[in-house]
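A.B. asks: The chain contents come next:
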Amino acid sequence: MEFEPKLVGFLCNWCSYTGADLAGTARISYAPNLRAIRVMCSGRIDPTFIIKALYEGADGVLIAGCHPGDCHYQEGNYKALRRYKLLKRILPEYGVEPERVHLEWVAASEGEKFAKVVNEFTDKIKKLGPLNMKQSIFDSMKEDIVVHESAGEEKGGEADEA
Amino acid sequence: MKLKVGIYWGAACGGCDVAILDTHEKLLDIAAKMDIYLWPIALDFKYDDVKKMEDGYLDAAIYSGAIRNSENEEIAILLRKKSKVMIALGACAHLGGIPGLANFYTRDEMLKRIYIDSESTINEEGVIPLESWNVKEGELDLPRFYNTVKTLDQVVDVEYYIPGCPPVPLQIYSALSLIWDDMLPPVGSVIGAGDKALCESCPRVKEEKTISEFKRIQQVLPDPEKCFLEQGLVCLGAATRSGCGARCIKSGVPCRGCYGPLDDVPDLGIKMLSAIASVLEPKEEKEIDDVLDTIVDPLRTFHRFSMPASILRRKKE
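First to last, the sequence lines map onto chains A and B.
The opening residue of the first sequence carries number 1 in this note's numbering; numbering runs sequentially from there.
The opening residue of the second sequence carries number 1001 in this note's numbering; numbering runs sequentially from there.
It is worth saying that the hints were derived from the structure and are not from the lab.
A hint or two may mislead.
Lysine-lysine pairs mimicking BS3-like chemistry, simulated, CA-CA at most 30 Å apart [to be verified]: (1) B:Lys1286 x A:Lys134; (2) A:Lys85 x B:Lys1051; (3) A:Lys88 x B:Lys1316; (4) A:Lys124 x B:Lys1316; (5) A:Lys85 x B:Lys1316; (6) B:Lys1033 x B:Lys1052; (7) B:Lys1026 x B:Lys1209; (8) B:Lys1002 x B:Lys1084; (9) B:Lys1046 x B:Lys1136; (10) B:Lys1084 x B:Lys1046; (11) A:Lys124 x B:Lys1081; (12) A:Lys127 x B:Lys1286; (13) B:Lys1283 x A:Lys116; (14) B:Lys1215 x A:Lys88; (15) B:Lys1004 x B:Lys1046; (16) A:Lys124 x B:Lys1002; (17) A:Lys85 x B:Lys1196; (18) B:Lys1026 x B:Lys1046; (19) B:Lys1052 x B:Lys1081; (20) B:Lys1286 x A:Lys85; (21) A:Lys142 x B:Lys1026; (22) B:Lys1316 x A:Lys52; (23) A:Lys85 x B:Lys1004; (24) A:Lys52 x B:Lys1209; (25) B:Lys1084 x A:Lys52; (26) B:Lys1316 x A:Lys6; (27) A:Lys142 x B:Lys1081; (28) B:Lys1051 x B:Lys1084; (29) A:Lys6 x A:Lys116; (30) A:Lys126 x B:Lys1316; (31) B:Lys1283 x A:Lys52; (32) B:Lys1316 x A:Lys127; (33) B:Lys1081 x B:Lys1033; (34) B:Lys1196 x A:Lys113; (35) A:Lys85 x A:Lys124; (36) B:Lys1286 x A:Lys116.
Same shape as in the complex, but just chain A:
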C-alpha cells in the first residue's frame, strides 16, 4: 500500500483558513492528507505545537498565514516567518528533515493556491517517507534496558511515556 502521510496544517483564521474554505466551496479537489487546525493568527503558532505534532505522529506540518503586509494583527505573520526560519535550522539537530515543516502565504481569495500547496506538500512528504518520531526515539532507548536484581524491578528499564 502506498504511504499516505499524516499532515497537520495550522491555518490562520483571516486568510488561509478562509482560502481553504474557498477551495471547498469552489469544489476544488486536492490531497486529503492535511488535518487543518484553525488558529487566530500564524503568529499564534508556538513552535512547541509543531514539535509536538511531529512527536505525536505527523509526518509533516504546514503553516499558512496572510501575505506579508496583510496580517490582521499587523505583525503576526512576520513573527511566524522568523520562528519558522529558526525552527528549520534546528530540525536537523533532532534528526528531522527540515522539509517536513513548510510555510506558505495563502490569501482568502487563493483557494486554488491552497489546493496546489497541499498537493505539492503531500507529494514532497510522500517522497521523504514516514517520520515515526516517537517510535524511533523509544527504539533507540531499547539498549538502555538493564534488570536491576539487587534493587528489584520497579519503574526503571522501560522507555516509558514522558
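Using the hints provided, position chain B relative to the given structure of chain A.
C.D. replies: Just chain B now, with coordinates in the frame of chain A:
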C-alpha cells in the same frame, strides 16, 4: 525525632552536594534536624547498608545528577523503594542538565569521540570500555553506559524538584525546612524556586526588543543596566523559572536556563526559540537569515540544561 535522609549523586559534577555544604552555618541546623544514612561524596556508607533497610525507612532521598548509566538507575530505584519522599536536586536530576546534551549523539558516537577520536587520545587498537571482562579471579562488571540520558523522574516517581545548576544554597535550606516543618506542597511541585519567569525579577532596564545582531559575551562589554537580550546577547530569562535571585545577571552574565521551564511549559528550548525569533528586527527572509546566522548553535544553547526533559528528549537516529 530526627528525619532520616539519604543523599546520592548520579551523573553529576558534585556541585549540588557542595551547594548543600554552602548553606554555611545553616548546615548545623540541617544536621540538628536530619540524620544522614547515605552520602557518597561526604560520608562512608555502603550500598549494602541501604539494601538492608526496610522499604520506606528513609523519610527523604535527595538525588542529584542525571541517569546516565545503569548504576545511576539502580540506585535511584533502590532509594525510591527505601524512601517516603524522593527529591530531585539540581538541574541534572530535574531536567537532565549538562550531561543531557549527550542526547544529541548516540552511545557509539560518544564512546568513539571520547576513547578514540579526541585530540589528546592515542588509542591505536581502538579499545573502548566493555561491560564485563574475565580475569583469573572471575568476571568484572561495569555499569552499562546508556544511549540516552534520562531525568530522575523518567526512571522513578519523584515527589519534588529543587532546580538550579547548582541550586541556590539558601533555597536548598528553605526546601529542606519544608520537610521538617511538614509544609510540603502538592506532589510534583518545584520547590525552592519562583513561579514566574526570571525577567520578572531581573533588575535590568527593559524596553522594546528589536534585535538585529547577536553577539557572544566575550565579544562585547555589555551595558550593566540594560536588558541583555536588547543588547543582542542570548539570555534565556524570558523562558526560565525565577528563584535564583538573578545571580548570573547580577554578575554580568546572561541567563543560561538552569532553573528550567515554568509550570505547564513542556519544552524550555523550543519556547525560548519562539521568544528569540519573535523579537528579531527584520521582516525580509534574507535579512532574517543574516541575523539568525549570528546565533551560534541555537538548539544546544536553548537546551543547555533541558534536552532530556524536552518533548523529543533525544536526536532521532
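A.B. asks: So, for every hint listed, does it hold in this structure?
C.D. replies: Tested hints:
A hinted pair counts as satisfied when its Cα atoms are at most 30 Å apart, and B:Lys1286 with A:Lys134 does not qualify at roughly 34 Å. Proposed proximity of A:Lys85 and B:Lys1051 is contradicted: the alpha carbons are some 53 Å apart, above 30 Å. At roughly 16 Å between alpha-carbon atoms, A:Lys88 and B:Lys1316 fall within 30 Å of each other, so this suggested pair holds. In summary, the hint linking A:Lys124 to B:Lys1316 is supported, as the alpha carbons are separated by about 20 Å, within the 30 Å threshold.
Restraint check for A:Lys85 and B:Lys1316: satisfied, since their Cα atoms lie roughly 21 Å apart, inside the 30 Å limit. A threshold of 30 Å between alpha carbons decides the hint, and for B:Lys1033 with B:Lys1052 the separation of about 23 Å falls inside it, so the pair holds. Straight-line distance between C-alpha atoms of B:Lys1026 and B:Lys1209 comes to about 42 Å, which puts the hinted pair past the 30 Å bound. Taking the CA atoms of B:Lys1002 and B:Lys1084, the gap is near 15 Å; set against the 30 Å cutoff, the hint holds.
Under the criterion of a C-alpha separation no larger than 30 Å, the hint pairing B:Lys1046 with B:Lys1136 is consistent with the structure, at around 26 Å. Of the pairs offered as hints, the one joining B:Lys1084 and B:Lys1046 holds, with about 20 Å between alpha carbons and a cut-off of 30 Å not exceeded. Under the criterion of a C-alpha separation no larger than 30 Å, the hint pairing A:Lys124 with B:Lys1081 is inconsistent with the structure, at around 51 Å. Simply put, A:Lys127 and B:Lys1286 have alpha-carbon atoms about 28 Å apart, close enough for the 30 Å limit, and the pair holds.
Between the alpha carbons of B:Lys1283 and A:Lys116 the distance comes to roughly 26 Å, so the proposed pair stays at or under 30 Å and holds. Distance check on the hinted pair: B:Lys1215 and A:Lys88 sit about 21 Å apart at the alpha-carbon level, within 30 Å; holds. Restraint check for B:Lys1004 and B:Lys1046: satisfied, since their Cα atoms lie roughly 16 Å apart, inside the 30 Å limit. Restraint check for A:Lys124 and B:Lys1002: the C-alpha separation of about 65 Å exceeds 30 Å, so the hint is violated.
The suggested pairing of A:Lys85 with B:Lys1196 holds, with an alpha-carbon distance near 28 Å, which does not exceed 30 Å. Under the criterion of a C-alpha separation no larger than 30 Å, the hint pairing B:Lys1026 with B:Lys1046 is consistent with the structure, at around 27 Å. Distance restraint check for B:Lys1052 and B:Lys1081: the Cα-Cα separation of roughly 12 Å lies within the 30 Å cut-off, and the hinted pair is therefore satisfied. This hinted pair checks out: B:Lys1286 and A:Lys85 have alpha carbons roughly 10 Å apart, not beyond 30 Å.
Only pairs whose Cα atoms come within 30 Å are accepted, and A:Lys142 paired with B:Lys1026 is rejected, the gap being roughly 44 Å. The hinted pair formed by B:Lys1316 and A:Lys52 meets the criterion: a straight-line CA distance of about 14 Å does not exceed 30 Å. Proximity of A:Lys85 to B:Lys1004 is assessed by CA-CA distance (about 52 Å); at most 30 Å being required, the pair is judged violated. For the suggested pair A:Lys52 and B:Lys1209, the alpha carbons sit about 28 Å apart, so the restraint of at most 30 Å is met.
A distance of roughly 34 Å separates the Cα atoms of B:Lys1084 and A:Lys52; the hinted pair therefore is violated under the 30 Å criterion. With a C-alpha separation of about 19 Å, the suggested pairing of B:Lys1316 with A:Lys6 holds against the 30 Å cut-off. The straight-line distance between the Cα atoms of A:Lys142 and B:Lys1081 is roughly 24 Å, inside the 30 Å bound, and the hint therefore holds. Straight-line distance between C-alpha atoms of B:Lys1051 and B:Lys1084 comes to about 15 Å, which keeps the hinted pair within the 30 Å bound.
Of the supplied pair hints, the one linking A:Lys6 and A:Lys116 holds, its CA atoms being roughly 17 Å apart against a limit of 30 Å. A distance of roughly 19 Å separates the Cα atoms of A:Lys126 and B:Lys1316; the hinted pair therefore holds under the 30 Å criterion. At most 30 Å may separate the alpha-carbon atoms for a hinted pair to count; B:Lys1283 and A:Lys52 meet this at roughly 26 Å. Pair hint B:Lys1316 plus A:Lys127 holds up; C-alpha atoms about 19 Å apart against a cutoff of 30 Å.
Simply put, B:Lys1081 and B:Lys1033 have alpha-carbon atoms about 22 Å apart, close enough for the 30 Å limit, and the pair holds. With a C-alpha separation of about 43 Å, the suggested pair B:Lys1196 and A:Lys113 falls outside the 30 Å cut-off, and the hint is violated. Distance check on the hinted pair: A:Lys85 and A:Lys124 sit about 19 Å apart at the alpha-carbon level, within 30 Å; holds. Restraint check for B:Lys1286 and A:Lys116: satisfied, since their Cα atoms lie roughly 25 Å apart, inside the 30 Å limit.
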